Amino acid sequence: MTVDLILFLILALVAVATAAGMLFSRNAVYSALFLVLNFASIAVFYLLLGAPFIAMAQITVYAGAIMVLFLFVIMLLGAEQLAPIKVLPWQRPLAIGLAAVLVAETAYLLILRAKPAADIIPPAETVNTLGELQRLGMALFNQYLLPFEVTSILLLVAMVGAIVLTKREKGERE
Amino acid sequence: MIPLSWYLILAAALFSVGLFGVLARKNAIAILLGVELMLNAVNINLVAFWRYGSLASIAGQVFAIIVFAVAAAEVAVGLGLVISVYRRRNTVVADELDLMKW
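Chains as they are written, first to last, in our numbering: chain P, 1 to 174; chain C, 1001 to 1102.
Extracted from the complex, chain P is given alone in its bound form:
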């Protein structure tokens, strides 16, 4: 129980810190690598929640395929470094003020309106993860068959779209 809690806190710290690193590093390659670390820590959250299949899919699809695609495009275009662009003078104070309002609103909701005593606790302490995987497959191919097929059409459309977008047109000069 306490081990879970300590693990959660460390992982949350890693996740938020790497997300901030993604935001503030000027080099786009570092941004992408910070995001890989962030995705890995989120995968451990899925393991904590008892969803090992989602965790492995997170590693292979997000940290593997998608981030490799990102790094590939960043290096292909040579878009690692960008010259800083000057911002409007009134933009920064306004943004800080609005962010402070948002933080105050969230803190109000969290501290004053939340009921910690009535916090939701999971129904079962342990999940049979292998049985869950089987149920996941059954649900995906029975109850959610139509969304699954629509997703496959979406992937096909995305693939055709990516090919059409990056194809060099006939007669287009270099």
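Do not rely on the hints blindly, as some may be mistaken.
Pairs of lysine to any residue, SDA-like flavour, derived with a Cα cap of 25 Å [as the list claims (entries may be wrong)]:
#	chain 1	residue 1	chain 2	residue 2
1	C	K1026	P	A139
2	P	K167	C	A1059
3	C	K1101	P	R92
4	C	K1026	P	G50
5	C	K1026	P	W90
6	C	K1026	P	L94
7	C	K1026	P	R135
8	P	K167	C	A1024
9	C	K1101	P	A100
10	P	K167	C	G1053
11	P	K167	C	V1070
12	C	K1026	P	G78
13	C	K1026	P	V16
14	C	K1101	C	I1083
15	C	K1026	P	L23
16	C	K1101	P	L88
17	C	K1101	P	L165
18	P	K167	C	F1063
Here chain C is said to cover these stretches of chain P; the calculated rule only asks that three of the stretch's residues, wherever they fall, bring their Cβ under 8 Å from a Cβ of chain C [as the list claims (entries may be wrong)]:
#	segment
19	10–19
20	27–36
21	40–48
22	52–65
23	131–138
Which stretches of chain P does chain C cover? Using the computed rule of at least three CB atoms under 8 Å from a CB of chain C, they are [unchecked claim]:
#	segment
24	69–78
25	153–163
Calculated from the structure, these hints are not laboratory results. All of these numbers come straight from a predicted model, not from anything done at the bench. Heads up, the beta-carbon is just placed ideally off N, CA and C, and yes, glycines get one too.
Fit chain C to the supplied structure of chain P, relying on the hints for placement.
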């Protein structure tokens, strides 16, 4: 066991960081990285609600898988657009892509 609200707070924090990235970054690829972070925050919420809700339904995990597929499609089209724009305008800075700006 960790309270559900902690997961929700974490997801909200990650979502906010991603949203800030989308709004504030000038690099088109960095904007797409922010969108990825937001999609991940949503996925944490989906899996956490599945675990803390009724375990009889597995819809949370199914939705998470569908979000994975949508994210992959979004990245493929988004990076295709970035490459296409770079080929025509020779830039990936979102501010300089103002052809449709009135």
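The hints, checked one at a time:
1. C:K1026 / P:A139: Violated - the C-alpha atoms of A139 of chain P and K1026 of chain C are around 42 Å apart, more than 25 Å.
2. P:K167 / C:A1059: Measuring from Cα to Cα gives roughly 38 Å; hence the hint is violated.
3. C:K1101 / P:R92: 23 Å, holds
4. C:K1026 / P:G50: Given pair K1026 of chain C, G50 of chain P is violated - Cα atoms ~38 Å apart, limit 25 Å.
5. C:K1026 / P:W90: Roughly 18 Å separates the two Cα atoms, so the pair holds.
6. C:K1026 / P:L94: This hinted pair holds, its Cα atoms lying about 19 Å apart.
7. C:K1026 / P:R135: With Cα atoms ~44 Å apart, K1026 of chain C and R135 of chain P exceed 25 Å; violated.
8. P:K167 / C:A1024: 30 Å, violated
9. C:K1101 / P:A100: Violated: K1101 of chain C and A100 of chain P sit about 31 Å apart, past 25 Å.
10. P:K167 / C:G1053: Cα-Cα ~47 Å, so violated.
11. P:K167 / C:V1070: 23 Å, holds
12. C:K1026 / P:G78: 15 Å, holds
13. C:K1026 / P:V16: 21 Å, holds
14. C:K1101 / C:I1083: 21 Å, holds
15. C:K1026 / P:L23: 11 Å, holds
16. C:K1101 / P:L88: Roughly 18 Å separates the two Cα atoms, so the pair holds.
17. C:K1101 / P:L165: 22 Å, holds
18. P:K167 / C:F1063: Violated, at about 33 Å.
19. 10–19: Per the Cβ count (4), the hint holds.
20. 27–36: holds (count 4)
21. 40–48: Coverage by chain C holds for the segment 40–48 of chain P (4 residues, Cβ < 8 Å).
22. 52–65: n = 7 at 8 Å, threshold three: holds.
23. 131–138: Since 3 is at least three, the answer is holds.
24. 69–78: Holds: 6 residues of the segment 69–78 of chain P have a Cβ under 8 Å from chain C.
25. 153–163: Since 8 is at least three, the answer is holds.
Checked against the numbered hints given earlier, this structure breaks hints 1, 2, 4, 7, 8, 9, 10, 18; the rest are met.
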